[in-house]
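Sequences are here, hints too, so could you generate the full structure?
There are 2 protein chains.
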Amino acid sequence: MNIALLTDQDREVLKSSLLCSAMSDADLASIITRGGVIEYRRSEYLFEQGERAETIYLILEGWAQITRDEVDGSNTLVEAFHKGDCLAEAPALLGKAYPASCQAMTDMRALALDGPKLLDLMQTNRTVLTQSLAALFQKLHGLVDDVEWLKSRTIRERLVRFLLQQSEHINDGQEFMLPFSKSLIAAKIGTSPQQLSRTFTELKEHGVTTRGQKATIRERRVLRAMIRRH
Amino acid sequence: MNIALLTDQDREVLKSSLLCSAMSDADLASIITRGGVIEYRRSEYLFEQGERAETIYLILEGWAQITRDEVDGSNTLVEAFHKGDCLAEAPALLGKAYPASCQAMTDMRALALDGPKLLDLMQTNRTVLTQSLAALFQKLHGLVDDVEWLKSRTIRERLVRFLLQQSEHINDGQEFMLPFSKSLIAAKIGTSPQQLSRTFTELKEHGVTTRGQKATIRERRVLRAMIRRH
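Each protein sequence line maps, in turn, to chains A and B. Per the UniProt record's numbering, the very first residue in the first sequence carries number 1; after that it's consecutive. Per the UniProt record's numbering, the very first residue in the second sequence carries number 1; after that it's consecutive.
These are calculated hints, taken from the structure and not from any lab test. These numbers come from a predicted model, not from an experiment.
Since the list gives no way to pick out one identical chain from another, each pair is judged satisfied if it fits inside one copy or across any two copies.
The list that follows gives simulated cross-link-like pairs (lysine-lysine, DSS-like), each with its CA atoms no further than 30 Å apart:
| no. | residue 1 | residue 2 |
| --- | --- | --- |
| 1 | K117 | K83 |
| 2 | K182 | K83 |
| 3 | K83 | K15 |
| 4 | K214 | K151 |
| 5 | K96 | K15 |
| 6 | K204 | K151 |
| 7 | K96 | K151 |
| 8 | K117 | K96 |
| 9 | K151 | K188 |
| 10 | K15 | K188 |
| 11 | K214 | K204 |
| 12 | K83 | K204 |
Structural data, given as structure tokens:
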């Protein structure tokens, strides 16, 4: 694929993604699969559990969710991903089957990267190797953080942290979209939808208002103070 | 270091460790640092937060804990590690400072591996590269599992899972050592020491007895049924 076909916004996503940020255009072009940029409609599958994995997906726009079919026939949400996130590095690099399914939650676009070719590149290019490792370790640390938060923080603190993460580039008082439904937010921070609603109500007096999937934070400073440990 | 100096038990630990299991003796010898096998007394430090990292530690015997000094002067337990676990891959491979300190919780022995040399080996040897990646991904998946459990399971279910993990190779009715103090177990499964004691008391009627740091499970089958989802 010709890298020049990527939009300016796509290139910004690539630059902010740890995995691809340090790659030269030539290196990046060598690992993009023939599919290149793929567009998905909401509810379409990027891949299904059990399929043989060769492709790593870097999300350029929109949201995707990973779900796993359980032995009992139920379906568990594993994680939600958005712009700049990479999916399926493990199975694609190790040449295994996808252990879960991935579905578009919104209309979305993703860049398809070839796992075996990335492995080749890691062996010939030290920067790509250390950068790929750094990307993996960043994921590990993010998960270690999640574990710490889930163990030691209240539901309110977890919700405040989630809202601050979602509004990182938003000004005080400016409306922003919550990335997904409230039941998914509840699942993500590990609580029930009922408890989540109660917590949103409590946060009103601290300047958080919501309207459907839109939210406003009066002063981020106030929220940051709520989760600081003294 | 001469690989022949490792005991039979050490070699078993190496074989069961994902990172080193697929390495030839020559490859392994090439990444073991001059220190080789290092012995530590309880409370001794393997490394301290802020030191420049070059060494990855593979624990051969005993327990170690990673703790982090917080801005407010307090000290957080990040994780506890034992036989077969690898420590500090991230900073040692990326050539950074250790982001936390590591201290022996018991008398212990560890094999010291050289980060930069392992990076070299990953580039020349495809098996070592994929095996190292597999080891990292296994850690990632373990953390994803932890996150799922913390979000969706009760304290009792988490404790039962922890006890089953600790007694994997123990027969029904046979006594085994809990790996660390009850306050550390409480921190690990994300509860208070008080709640942990209550939960241990509840588990008595399901055949779990404890005496100091020793525990017995009458029938593992009963515990497994308690955490199965239907």
